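Colleague: Quick mapping for you: the protein sequence lines, in order, are chains A and B.
Under the numbering used here, the letters of the first sequence match residues 1 to 333, in that order.
Under the numbering used here, the letters of the second sequence match residues 1 to 292, in that order.
Derived by calculation from the structure, the hints in this document are not laboratory data.
It cannot be assumed that every hint is accurate.
[Stated by the list, open to error] With a Cα cut of at most 27 Å, we get these calculated DSS-like pairs of lysine-lysine: (1) A/K94 to A/K104; (2) B/K291 to B/K73; (3) A/K210 to B/K291; (4) A/K131 to A/K210; (5) A/K71 to A/K104; (6) A/K131 to B/K121; (7) A/K289 to A/K94; (8) B/K291 to B/K122; (9) A/K38 to B/K122; (10) A/K131 to B/K291; (11) A/K210 to B/K18; (12) B/K121 to A/K38; (13) A/K71 to A/K289.
Fair warning: this is a prediction, and the values are worked out from it, not measured in the lab.
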Amino acid sequence: MQKTLRAKRASFSAIEEDHGYAARRLDYGPGALNEEPKRRYHILLMAPAILTLAAITIYPFFWLIYMSLHKVSVARSDRWVGLDNYARLFGDVKYTDGWLLLVKYSALCLTLEILIGVVLAVILNGSRFEKVLVTVFLMPMMMSPVVAGLVWYYLYNGTFGWYHWLFQSIGILGETSILADIDTAMWGLVIVDVWQWTPLITLITLAGLKRVPQDQLEANMVDGAGSLRNFFTVSLPNIYPFLLIAILLRFMDNFRFIDHILVLTGGGPGNATRILPVYLFDVSFQFFKLGRGAAIAFTLLIVTIVLGLILVRIFDDPKKQVASGEAGETTDD
Amino acid sequence: MASREIVQYDSGLSRVFKVLAQVFLVVYLIWTVSPFIIMVGSSMKDLLEAFTLPRVGDWLGALSFFDFSPTFKHYVALFAEENFGAYLTNSLIASVGSALVAVVLGTSCAYSMSRYQFRGKKDVFFWIISTRMAPVVAVIVPLYAIFRSFGLVGTLPGLILAYTTFNLPFAIWMLKGFFDNVPYAIEEAAQCDGATRLQATMQILPLVAPGIGAFLVLCILFAWNDFLFATIIGSGGAKTLPVATKELIQPQNVQWGKIMAAGVVTTAPMMLLGLLIRRYLVAGLTMGAVKE
Chain A
1 MQKTLRAKRA
11 SFSAIEEDHG
21 YAARRLDYGP
31 GALNEEPKRR
41 YHILLMAPAI
51 LTLAAITIYP
61 FFWLIYMSLH
71 KVSVARSDRW
81 VGLDNYARLF
91 GDVKYTDGWL
101 LLVKYSALCL
111 TLEILIGVVL
121 AVILNGSRFE
131 KVLVTVFLMP
141 MMMSPVVAGL
151 VWYYLYNGTF
161 GWYHWLFQSI
171 GILGETSILA
181 DIDTAMWGLV
191 IVDVWQWTPL
201 ITLITLAGLK
211 RVPQDQLEAN
221 MVDGAGSLRN
231 FFTVSLPNIY
241 PFLLIAILLR
251 FMDNFRFIDH
261 ILVLTGGGPG
271 NATRILPVYL
281 FDVSFQFFKL
291 GRGAAIAFTL
301 LIVTIVLGLI
311 LVRIFDDPKK
321 QVASGEAGET
331 TDD
Chain B
1 MASREIVQYD
11 SGLSRVFKVL
21 AQVFLVVYLI
31 WTVSPFIIMV
41 GSSMKDLLEA
51 FTLPRVGDWL
61 GALSFFDFSP
71 TFKHYVALFA
81 EENFGAYLTN
91 SLIASVGSAL
101 VAVVLGTSCA
111 YSMSRYQFRG
121 KKDVFFWIIS
131 TRMAPVVAVI
141 VPLYAIFRSF
151 GLVGTLPGLI
161 LAYTTFNLPF
171 AIWMLKGFFD
181 NVPYAIEEAA
191 QCDGATRLQA
201 TMQILPLVAP
211 GIGAFLVLCI
221 LFAWNDFLFA
231 TIIGSGGAKT
241 LPVATKELIQ
251 PQNVQWGKIM
261 AAGVVTTAPM
271 MLLGLLIRRY
281 LVAGLTMGAV
291 KE
């Protein structure tokens, strides 16, 4: 429908120009003569949202910088300490380890999610049960991460957890729960994340697979390619932009969501799962060192913003036309 | 599907692949669904039944999971003893409230963002989207300090405002994409017919109404499922369901029956909402980068 409308609009303006109406057209619509009232109208519409957002994001951002330069305590007034909060981060093993663990955790989650998610999407694509199964696979994503954490905490329990029983029965785990051992605790968290978010990768990949040009697949098959080679030579390059978006989104979500980690391990045992956001939470709200917490938060924010810039760059990429833009219109029903 | 028409030689290897694929699918299905089944099952079990496991390696014994007499006493206890009615109301007010704020402010802003060109628009847009992507743990540190000085900690308005930090940028970003797809010609035509600017704007609202509805639901979902803001900003007076559920874990006495029941109470409504807006889910969860 939109396409026809757009086409009509294009032909309409073409006719206009043909008859020399173009100049007069400025009198109404997006014209130049009433630029001022138009400006006022749009500013009026944008102002409430922009001001609200500024009040709850920009103002706190400056507060964050202020706090990171002070020793903040509840009882006494804030004391200026300069860059001391930042300087101490470099000597803080938990801080540097936090980054490493965050990268390790994200790498494990992403690798598994991409692998399983893509395989699942390929199997599901065009299968008889695609619609039903996709709906079922959506379920974990709707669950509150903290509830997911609680359910898995129960499943992992060393005395009555069903997944603990399963791991024991397969023979990959002894008496101790997966979360209680320094070597396996990280895997316990990864499993939960994979359980909850692999379907997102599957959905994104499925959306991509639907856009793979059939003629390319057919041409490749005529040339003698099997379905496996077809996937790697035709499908994969086509869904690559989709996967890139999926990876970045999930990577940033690993920064954003620590709910299930707080429930499952709280950073322990030892510091085996204290990824940076969890450490930040501890410093700020367990020990109430808000100044130091602010310094950590600031570094975390900067990294996120850089990642966000990369993401937006991909959104703006001409390739994006494959991913959404035009393609989104043709499939609109 | 056109590719089916091409004859593929059915080799033994591809048949093995097909079987493997089916096995993979079944295993994945069980893996996805089992936590839900165990959650719902355990929420309706007595303490003793919930704590029985088959012997290690006794695969058939796993079926004993379904051998229990269902009881709803945990659900009753949640509302009778644990005050979950109040937490449910808190969750509803906070999530619906922030979703309404986000969508009402977001719609008008997204509309102008879509229709009006100004200098630095790209930067404003990046700022909006970056606030959405900022880690909640990082945002919450200064927000907590500010809210404390305004007396907003532990209140529902405070929580609604906190949720707006991620819902408003989401609504603006998604709805702008929606407005971009509506041709400007409709408003032009309306204005030619003598409509005022506002009337012209109103003309296209019905066209984006489904999208607005879907993103309202998604905003509710994000806010409802939040834990960090709720536990820091909402602690005390504005306890929501996820926080109340987590607090059922006490060091001396972990009441698993109640926790699982609370999990069901927290999850079920969002599951239904998710199904309701199934069509918009992928777009919503990928910030509009991918559409189905």
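Colleague: Could you run down the list of hints and mark each one as holding or not?
Modeller: The hints, checked one at a time:
1. A/K94 to A/K104: holds (15 Å)
2. B/K291 to B/K73: Roughly 44 Å separates the two Cα atoms, so the pair is violated.
3. A/K210 to B/K291: holds (11 Å)
4. A/K131 to A/K210: With Cα atoms ~14 Å apart, A/K131 and A/K210 stay inside 27 Å; holds.
5. A/K71 to A/K104: Given pair A/K71, A/K104 is violated - Cα atoms ~31 Å apart, limit 27 Å.
6. A/K131 to B/K121: Since the Cα atoms of A/K131 and B/K121 sit roughly 40 Å apart, the hinted pair is violated (cutoff 27 Å).
7. A/K289 to A/K94: holds (15 Å)
8. B/K291 to B/K122: With Cα atoms ~22 Å apart, B/K291 and B/K122 stay inside 27 Å; holds.
9. A/K38 to B/K122: Roughly 20 Å separates the two Cα atoms, so the pair holds.
10. A/K131 to B/K291: Measuring from Cα to Cα gives roughly 16 Å; hence the hint holds.
11. A/K210 to B/K18: Status holds; Cα separation ~20 Å.
12. B/K121 to A/K38: Judged against 27 Å, a Cα distance of about 16 Å means the pair holds.
13. A/K71 to A/K289: Since the Cα atoms of A/K71 and A/K289 sit roughly 8 Å apart, the hinted pair holds (cutoff 27 Å).
Hint violations for this structure: numbers 2, 5, 6, all remaining hints satisfied.
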